[in-house]
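Visitor: Construct all of the structure, not just a fragment, from the sequences and the given hints.
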Amino acid sequence: MMDYPLFVPRARCLSRARCRVGVVVACAVALVATSGGAIRVAAADWHATIAGAQQKSVKIHGAGGFRGLEAYQSGILISAEGHVLTLWSYVLDTEDVSVTLDDGRKFTAKLLGADPKLEIALLKIDAADLSHFELTEAAAASIGQRVLALSNVFGIATGEEAVSVQHGHVAAATSLAAHRGVFESTYRGPVYILDAMTNNPGSAGGALVALDGRLIGLLGKELRDSAHNVWLNYAMPVSAIEETVRQMLAGRFKPSTADEPATAVANSWSLEALGVVLVPDLVPRTPPFIDTLRRGSPAEQAGLLPDDLVLYINNRLVPSAQALRAELSQIDQGDELRLTVMRHSELIEVTLRVGAAPSQGGQP
Amino acid sequence: MRGVTTHKRRRALARLATLLTLLAGSSGWVLADDSLEELEQAALAAAVDRVAPSVVRIDTVGGRERVGETAVGPGPTTGLIVSEDGFIVSSAFGFAQQPASILVTLPDGARARARLIAADRSRQLVLLKVDGAKRLPVSAPAPLADVRVGAWAIAVGRTYEAARPNVSIGIVSALGRIWGKAVQTDAKISPVNYGGPLVDVAGRVIGILVPMSPSESGEAAGVDWYDSGIGFAVPLEHVLSVLPRLRAGETLEPGVLGVNLVEGSMFSQPAELAAVRPNSPAYKAGLQAGDRIVEIDGTSIERQTQFKRQLLPRYAGDKVRLTIARGEERFDREIELIAKLEPYAHPFLGVLPRRDPAAGDAVAAGVRVRYVFAESAAAKAGIKAGDVLVGLAGKDVTDLASVRLLLQQVEIGQQVEVAVRRGEETLELKVEPVAVSDAVPDDLPPAREPRPAFVGERPATGKFALELPEHANKASVFVPGNYDPAVAYGLLVWLPASAEDAAAEAQFERWQAQAEALDLIVLVPRPGQPAGWAQSDLEFIGHAMERLVADYRIDRARIAVGGAGTGGSVAFVVASAQRPLVRGVIALEAPPAGRMPENEPIHPLAIYSANSKGATNARAIEAGAERLRAARFPVTRRELAKPEGLSDDEHAHLERWLDSLDRF
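Top line first, the protein sequences correspond to chains A and B. Residue numbers for the first sequence follow my numbering, so the first one is 1 and each next one is one higher. Residue numbers for the second sequence follow my numbering, so the first one is 365 and each next one is one higher.
Any given hint could be a false lead.
Claimed, not checked - Pairs of lysine to aspartate or glutamate, DMTMM-like flavour, derived with a Cα cap of 20 Å:
(1) B:K759 - B:E792
(2) B:K498 - B:D510
(3) A:K221 - B:D591
(4) B:K827 - B:D915
(5) B:K498 - A:D291
Calculated from the structure, these hints are not laboratory results. Only a predicted model underlies this, so the values are computations on that prediction, with no experimental measurement involved.
Guide: Next up, the structure:
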């Protein structure tokens, strides 16, 4: 298998104000590589970038085709000998997965590995001398950066037709994990949010590239943002999946079970444990006002009062009584619990610790 | 976050980029793409950096889950600081759910409670205030005169991450959109950046991002265009001009004049008044139907669109100077616009007209009375079935259309003269109209004499499928087999509750059986998707109705939409969307849904609301009926014996209501 050198995201390294010494060395290595002309395609010629990136993109066909599920998606070549990186999905859940290159050649693909948690999969086709993306030369992107998304969105490209190219910008860099309950996705890692409509049927597994042609990330699946009730367009950065891909390439990857329960906390906090009774939860978004407090309870000792409105738990907004209950169930009683409440128009923060007297602070 | 030096460097680059672009433009230099690409990128980043400190994240706690038809996510929204002491402007969309508490994350990371101070209901903005704030960063507005179509436009929100703004980059697509209220952009605008600024490449604020729709109003109007490449921003320059009023706690409402324009294409028709609402500002200024508005504040008006462009951006309390042409006469009136008109009730004489096709000769001038409602104004004045109405309020009555036009000038409770021909004599009677009644006649005489079977070309009759290009929906139509192009037919749109609604099919057959007796054409549209009715189906229903109106002779006074259960609720939504067409809504076991329809003098609307005793949603149905009555719609309420469907008597009652929609 291939030997992977140290992975250096060049752009990110240069934009950081404070580089650690080790990283500086790595940067220097990268710069040398750059000046050698191996990495950087001239930013000017993004027509060349597109043509090059299209050659490295593939169309994948597999299972599906019923109940409105499409039987196709996208993928990218990551080695000259036919390693194809794509998203793990039901499309791959069949013996008969095919990969079509941009020259029209069609191959039956073998599944080398899949990580249902990262939602990525590695396929192999029997080919050689293929133009491909170098994961080691991947780029990090900054917010507002112009990017190109290449994928077989809606399955428009067939046979030797090249995948579709969309142009947009990185709208935000965030983490799906930071928005608990908002996204129905098993992938919980960092993502780039895009301001182009890149995530549609068939686009999962496509490439997000910089104008200079370097790979930035892998296009995600269709995902709804329930916090804003909109569809999300996102890509997983190469840095988030690169280590797993390397293990897959080395044949050392063992998938973790995908169906781990969502962090069930054995001894979690609850309203009962706090000694708090909220106002009756009658409407869908009842604001979490404290109705009564149990005498001698942790909440009372911490100085909470009836009519306090609970706003944040450990700095996480709880917009409703329901959200508050869900949030408490995620926090172990052994861990610190910080509550921010509104009393009249003042924000008050209290901290509850097990085994220590609860402390009361002022405004944050 | 970026260091200070980076920030300065970027700003310098931005200036350089601008300079280079100018040089390139003026002297025809061709710059290496390489540097231009990078400079452009740096300029865009610098613009975001420049505005970012004044862009705040706003969290809300509590509140409703839906605003009208739109589900509202509980996620954070964005605001723009407009004063150093803590005033923040945002989009009304983020507050339409009426949150219990509003929290703003200030630039230094501190969280503060904010109060809702005022709203601009014309431009869907809110003003918030954070108390105790000092020296907050405020961004400069881009002068509107400098904003060019095609220039970079960057939408900035602060919702995914509190520490960093999220951006979407596009261009200015158009100026003066939504009747001059908004700038349009192709940057992706959605709840993720509503309330945030749209900035130019220098980081100056062009406007505040809001959902907006050219055809609808309300906080959630235009949300279905999110991320479509069509987004709107209210110019900050305008916001700052009304900021003192908003700061003082004044909520700004769209200004209302109180007139209806004549129907037809607003792009070609003059701004001629079809009706003037009683007690409206226009009424008090002495405006009348038939008047033409030819100037507003010195701007000449030739078409209705010009009139709207001048009037619709204005607020209640604004004064407008109108120049009015009445015949040869021209005069000026200064009128103060108001926020809300008194609910309008249609004046009602209590007469049903006959519907005999006009004979070839012109002898039949006037409107023959088919039926006089018991205890009505007409009954009290002595008008009888068979009389021919020939005059109203001193004007000649030639046909039904002229009666309806004249009635718009009449006021409830004021005596009007009516001339009727009875046999050889003409009687002058005095009638005192009342508000339109919800009564249903117990027994109705035929609407017209039977006619010999029509011979000749006619459009399709019987039951057939209707499909329209570009719509996935299917629809069934039933046209009576004896369709006669000389006779005006009622149109009933019956909406099934879902794609597979057996009860609605049975009801369709019941209507078919009565279609000939009622001179009725029945349209049954079906949802485009198995999941049920969606916003996108509304367009299909409208087009299908328009198609039938074009292909058949349809009596505009007898177009009704109805259904049972969900179908009945959707009927209200269709009636609101197709306000100029629809005259009646039938809702069986269904509370009203969607926006309350407008009650307009030129577009009367009657409602038939029936539910079985003990229906689980009986309270919602009754409350809905009360709201509609408060808006002065005639609401006929019936209690049904069984929830499964109408008995024969109940159906006959509904048929008589439908048969008397053309009352006046």
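Visitor: A separate judgement is required for each hint: does it hold in the structure or not?
Guide: So, going through the hints one by one against the coordinates:
1. B:K759 - B:E792: holds (12 Å)
2. B:K498 - B:D510: violated (31 Å)
3. A:K221 - B:D591: Measuring from Cα to Cα gives roughly 17 Å; hence the hint holds.
4. B:K827 - B:D915: This hinted pair holds, its Cα atoms lying about 15 Å apart.
5. B:K498 - A:D291: This hinted pair is violated, its Cα atoms lying about 35 Å apart.
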